[in-house]
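Chemist: One-letter residues, chain by chain:
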Amino acid sequence: MSDRGGTRNGGRIGTLAEARLAAGFGALLRRDLRLAVRQGSDTATVLAFFVIVVSLFPFGVGAEPQTLSAIGAGILWVAALLAALLSLDRLFQADYEDGTLDYLLTAPAAPSLLVLAKCAAHWLTTGLPLVLLSPLLALLLNLPNAAYPALIAGLALGTPVLTLIGAIGAALVLGARRGGVLLSLLILPLYIPVLIFGVAAVEAAATGQGFRAQLLLLGAFLLAALALAPFVAAVALRQAAE
Amino acid sequence: MSARLHAFANPARFLRLARRLLPWTAALAAICLAIGAVWGIGIAPPGKPPPEGQGETVRIMYVHVPSAWMALFVYACVAAASAAAIIWRHPLGHVLARAASPIGACFALLTLATGSLWGAKMWGAWWVWDARLTSVLILFFLYLGHIALTHAFDDPARGARAACILALVGVVNLPIIKFSVDWWNTLHQPASIIRREGPAIDAQMLAPLFFMICGFTFYFFSVWLLRARAELAALRTRALKLRLLAS
Amino acid sequence: MDGIGRFLEMGGYAAYVWPALGLTALVLAVLLIASVRNARRREAELAQLEAELGRGDEG
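Quick note, the sequences are listed as chains W, P and A, same order. Throughout the first sequence, residue numbering follows this note's numbering, covering 1 to 242 in sequence. Throughout the second sequence, residue numbering follows this note's numbering, covering 1 to 247 in sequence. Throughout the third sequence, residue numbering follows this note's numbering, covering 1 to 59 in sequence.
Among the hints, erroneous ones may be present.
Using 20 Å as the maximum straight-line C-alpha spacing, the simulated DMTMM-like pairs for lysine to aspartate or glutamate come out as follows [said to hold, decoys possible]: (1) Lys241(P) - Glu52(A); (2) Lys241(P) - Glu43(A); (3) Lys241(P) - Glu45(A).
If you want the footprint, here are the derived chain P segments under chain A, 3+ residues with CB under 8 Å [to be verified]: (4) 58–71; (5) 104–113; (6) 116–128; (7) 216–226; (8) 234–241.
In short, the hints are calculated from the structure, not lab data. For glycine and all other residues, C-beta sits at the position ideal for the given N, C-alpha and C.
So here's chain W without its partners, still in its complex pose:
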């Protein structure tokens, strides 16, 4: 970015534009975080949902510690998936309805950078608390001690991917009828790879095997999602605003 701007504009304008871009990103991130705090964010709802879904399973499959520890990783990951989905349909909704989105799309910052800022705010207010809460719930599910690092690392790498892929879906369903339900139909199939490798990492760790490969793959998903999802979501936002 800086090289291109530098050679084309003789340096000064390039860095200026860069500063404005960064300001746009930072400003939007700060605004969304502030809004989340002021409006008594989704964080509490999402965490409560996560805890309740996880605590339903012992009633469904029986409370034997062996059963729970065998399927605990799957339960935690599926619950995290659903919890992440819960708040995603409102990622752009408020901005779409009050016209802020149109304004943001005409701002000097690249739309994909704005999407990235909104995703970062969403992850910080919902994904990160999920990651931090997960060891506590793993305790309830009797997960073996060796599995904890893989669970936390996997969720830390995986939940941003859920947010980023979800952002595409959230942008696509703007203005649709029954957008929330539709979003889960669109996005859940795309979450399957993250689920598979997230659970596999925990299971490998629980049986004493290495889980580096699974985490590396989750990391690869994260990098790919970081590179592609904001761009695609920006295209979707622009066609929604047309």
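Based on the hints, put chains P and A in the right spot on chain W.
Modeler: Here is chains P and A on its own, set in the frame of chain W:
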């Protein structure tokens, strides 16, 4: 907005082409399906000796394999049409993508149903989480999402555009999903299943199978053209009504 | 007669083979018929509207 609708509500050239092509694709579909069905189901011996006790159930392959091929091929067509719509802004792309995906969903569903019937005898269960069947199930979900998104908006043009983006996201994700499911499947080999591998296809089956695949492909093209015609007519009707309201 | 009977038996797998073939035929037929009828209805609707509009423009 209305100018945009008009732009792809009157592609006369495509309609002329569709009208000229349709009798040919329909006739080819009928001929190929007739030959394939009679040869495959009536005449061709199911391999000698029948591949490891599969017996006559291999005849299910004459509809299962073409359905599975079509489920993938139709998704490729939806993705290509969507790419044409988004990247090159070709006005027909939206219509073609929208017209194709219900057909693809039908083929995916048929693949699952016939695979299940085959597995009921061979695996001893109506459903096993076999890597290939599971991938088709996910493909079916992707079709459902695509269809739901196209119909979720009051303005059909808006739904068509959103669905095109979704189709392209899906096509990037499909290889990743396929890879993940294969990997997951080798990890969780269910112990209760006697025979896990798919059907062995005998050399004698290939010729009738080829006719069935061609028949299914031409059938798809025929129904695709028909559905695209219907979509175009509906779009044009809508555009005309909007113009009436405006004037 | 015996030949037809044996053909229908499908080597004892009739309960699996015929539903698979029948279901495929049914789904493809229903999809085809629905598409044909839908196309006819939409095109008739359009033709009617265009005819009305044509009269409207002249008048």
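Chemist: State for each hint whether it applies.
Modeler: Here is what the structure says about each hint:
1. At roughly 11 Å between alpha-carbon atoms, lysine 241(P) and glutamate 52(A) fall within 20 Å of each other, so this suggested pair holds.
2. Taking the CA atoms of lysine 241(P) and glutamate 43(A), the gap is about 14 Å. The hint holds against a cut of 20 Å.
3. Taking the CA atoms of lysine 241(P) and glutamate 45(A), the gap is about 11 Å. The hint holds against a cut of 20 Å.
4. Coverage of the stretch 58–71 of chain P by chain A holds. Counting CB-CB distances below 8 Å, 6 residues qualify, and the rule asks for three or more.
5. Under the rule that three or more residues need a Cβ within less than 8 Å of chain A, the assignment of the stretch 104–113 of chain P holds, with 4 such residues.
6. Coverage of the stretch 116–128 of chain P by chain A holds [criterion: at least 3 residues with CB-CB distance below 8 Å; count 4].
7. Requiring three or more residues with a Cβ within less than 8 Å of a Cβ of chain A, the coverage given for the stretch 216–226 of chain P holds, as 4 such residues are present.
8. With 5 residues bearing a CB less than 8 Å from a CB of chain A, the stretch 234–241 of chain P meets the requirement of three and the coverage assertion stands.
The earlier numbered hints are all upheld by this structure, with none contradicted.
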